[in-house]
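Trainee: Each chain, written out:
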Amino acid sequence: MEWYFPKSLEELAELLKEEGVFIHAGGTAIKEERIKSAKRVIDISSLPLNYVKKDGDIWRIGATATLSRVMDSLESDHLLVKALKCTATTPLRNRITVGGSVFLSPLWSNFMGPLLALDAKLNVVGKLNGTYSYEEFLSNKAKFQGCAVTEVNFQAGGSTCFFFDRFARTANDYSALTVTLGFSMKGDVVDEAKIVVTGCKKVYERLNAVEAGFKGKSLKAIDPDRLFDDVKLEFADKPAGSGPYLAEVARVLLMRGFDALASAR
Amino acid sequence: MKASFNINGKVHELEFAPHARLLDLLRDNGFTEVKCGCREGFCGACSVLLDGELVNSCMVYAASVGERKITTVKGIGSIHEPHPIQEAFVEAGAVQCGFCTPGMVLATYALLQRNPDPTDEEIKEALDGNFCRCTGYVKIIDAVKLAARKVKEND
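Respectively, the protein sequence lines represent chains A and B.
End of the first sequence = 277 in the numbering used here, gap-free, step of one.
End of the second sequence = 218 in the numbering used here, gap-free, step of one.
If you are wondering where the hints come from, they were derived from the structure by calculation, not from laboratory data.
Backbone N, C-alpha and C fix where the C-beta goes; we use that ideal spot for every residue, glycine too.
One or more of the hints may lead you astray.
Listed next, the stretches of chain B that the computed footprint assigns to chain A, with coverage defined by at least 3 CB atoms under 8 angstroms from CB atoms of chain A [as the list claims (entries may be wrong)]: (1) 124 to 135; (2) 145 to 153; (3) 186 to 192.
Model the full structure from these sequences, guided by the hints.
Mentor: Below, the structure is given as structure tokens:
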């Protein structure tokens, strides 16, 4: 097994054409066996991808930017910062990269829900070159084998207000589930709603029916107690609780999220 | 494989397996001040600074370190010339079995580099990846506050 350290995206794209390659950025989610079994490990830390920058009204985050760097660079009340604050620990956040978390979706990665709610897009090189929505990436990960994520980008600012929360046994524990809500308002009524639950059996669920029910309605006209009654979320049993228990916790967090966003208006 | 590593300001040419962790590379080459705890990135006993940033050396592949500067606790002070943070840990009674202390000292060092006057909450956040099973953390937080004062006086 050999390590490669490409210095340009062109060099990376060439290396990705070969069989048995494995990409390394921070390495925190990569088990030793995976490194041992790879023919070539491509370390992308020498590429100029360690950035978090605002490009007009788009936030662009390079694949090798660490979670700590993202927290330091985005606004302190940004949805992603809220999610990252309860992700892993300080020394791990100094090492975990955005690209690795997006590509491998490790247990501790809390930002799947936020990135989906932000309609994040991924720049990809390798067998597929181009920009893809994060949702498309998650729904068909196999298609992206032999590719590397080079950038995550999403709209900065805007009028959407967000809520994020998660459920875990302790502050340092992996999240058993996360909920993210985002409301884009036009005057007093909801123009667009985004509601994402992660950690469930389907990895993540967009609550499309509830989202559609919000459109054009004033938040005051919505009864929060009945709002999520028809939502059927399925969770596997986890150390943090049984499947039915976690489904109930998710419902409570969704109601809290709605309350928080409605009362903030 | 073989590579050069900048450890505590000195360049060392070291041999290691392609899948070796930085923790093992350091300990196998005499840097035993880096403690081996959980090997899962939870306990912080193996903390080192990589270009000044606190990381768990058990979660870092040695091959990926490249030219970055590695600092262990011996890189900031010695028994004869202790760093003010190390003095503060002794004076505050924050050392019991001592296993977590190298990591705690480096976490404090990284914190004070960024924030010379941290609040209790900021101290707890900065030390969230370093576990101590003896002290209950009260003395450790006292030590960080004392260290902040000492570092300021020294400056």
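Trainee: To test your reading of the hints: which numbers does this structure violate?
Mentor: Of the numbered hints, just 2 does not hold.
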